[in-house]
Amino acid sequence: QKEVEQDPGPLSVPEGAIVSLNCTYSNSAFQYFMWYRQYSRKGPELLMYTYSSGNKEDGRFTAQVDKSSKYISLFIRDSQPSDSATYLCAMTWTGAQKLVFGQGTRLTINP
Amino acid sequence: GAGVSQSPSNKVTEKGKDVELRCDPISGHTALYWYRQSLGQGLEFLIYFQGNSAPDKSGLPSDRFSAERTGGSVSTLTIQRTQQEDSAVYLCASSLELAGGPTDTQYFGPGTRLTVL
Numbered sequence: 008q009k010e011v012e013q014d015p016g017p018l019s020v021p022e023g024a025i026v027s028l029n030c031t032y033s034n035s036a037f038q039y040f041m042w043y044r045q046y047s048r049k050g051p052e053l054l055m056y057t058y059s060s061g062n063k064e065d066g067r068f069t070a071q072v073d074k075s076s077k078y079i080s081l082f083i084r085d086s087q088p089s090d091s092a093t094y095l096c097a098m099t100w101t102g103a104q105k106l107v108f109g110q111g112t113r114l115t116i117n118p
Numbered sequence: 002g003a004g005v006s007q008s009p010s011n012k013v014t015e016k017g018k019d020v021e022l023r024c025d026p027i028s029g030h031t032a033l034y035w036y037r038q039s040l041g042q043g044l045e046f047l048i049y050f051q052g053n054s055a056p057d058k059s060g061l062p063s064d065r066f067s068a069e070r071t072g073g074s075v076s077t078l079t080i081q082r083t084q085q086e087d088s089a090v091y092l093c094a095s096s097l098e099l100a101g102g103p104t105d106t107q108y109f110g111p112g113t114r115l116t117v118l
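So the protein lines, in turn, are chains A and B. Counting with my numbering, you get residues 8 to 118 for the letters of the first sequence. Counting with my numbering, you get residues 2 to 118 for the letters of the second sequence.
Calculated from the structure, these hints are not laboratory results. Source: prediction; values computed, not measured. Where hints are given, some of them may not hold.
[Claimed, not checked] Sample of chain B residues lacking proximity to chain A, with all beta carbon distances greater than 12 Å (derived): (1) V13; (2) T77; (3) R114.
[What the hints assert, rightly or not] Under the rule of at most 25 Å between Cα atoms (straight-line distance), these lysine to any residue pairs were calculated in the SDA-like manner: (4) A/K105 with B/E15; (5) A/K9 with B/A3; (6) A/K74 with B/T106; (7) A/K49 with B/V75; (8) A/K105 with A/Y46; (9) A/K105 with B/D105.
Note that the Cβ used here is the ideal one computed from N, Cα and C, for glycine as well.
Start from the sequences, fold in the hints, and give me the full structure.
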């Protein structure tokens, strides 16, 4: 079993919809949780970063962490075609340098 | 400013040949990371450099893989006697290491797409 599980999709939704992306994990030592966005043939870029449990909002994006359930989510409101990309969750623990990534979810927003 | 650059962008090689992949981090970034992205596998950590030293090389899959960094800047990932299962996108990232650890944002390059025939 992988340390971080993420449904690879693909996920296709109409423009304007609310998108929910999720990851589960097994390592209770994880304290730092990130969401990366990766466009085709590009490297991932950091979207959101959260420490421990709770919510964080940045514009149309909201990241949620539920450590008791070992479950993290990314919500995208008012989704746009430009949001079409692969979204990767990543996490790590205090003192570590490397990130442990989920498989990535391929998202398409249809105009 | 310039981001992380990697070369070549694509590499096709024959099984058994050696390949070298290059990473130029963002100027001034002391930390450098290599990851591998295989189809359906997500990103897998390979190695982390702090300056020219590699305190964590736990992700290198076999002794056919090695990496070095010189002058605290450019890094080269070498794969010897390539196998078909080595086919993947190899991504490099760098970070400033202001605070040290997970709070330092890793900036990724576009990757090198390696195909082993």
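These are the hints, each one checked on the structure:
| no. | hint | verdict |
| --- | --- | --- |
| 1 | V13 | holds (16 Å) |
| 2 | T77 | holds (18 Å) |
| 3 | R114 | violated (8 Å) |
| 4 | A/K105 with B/E15 | violated (31 Å) |
| 5 | A/K9 with B/A3 | violated (35 Å) |
| 6 | A/K74 with B/T106 | holds (22 Å) |
| 7 | A/K49 with B/V75 | holds (20 Å) |
| 8 | A/K105 with A/Y46 | holds (22 Å) |
| 9 | A/K105 with B/D105 | holds (11 Å) |
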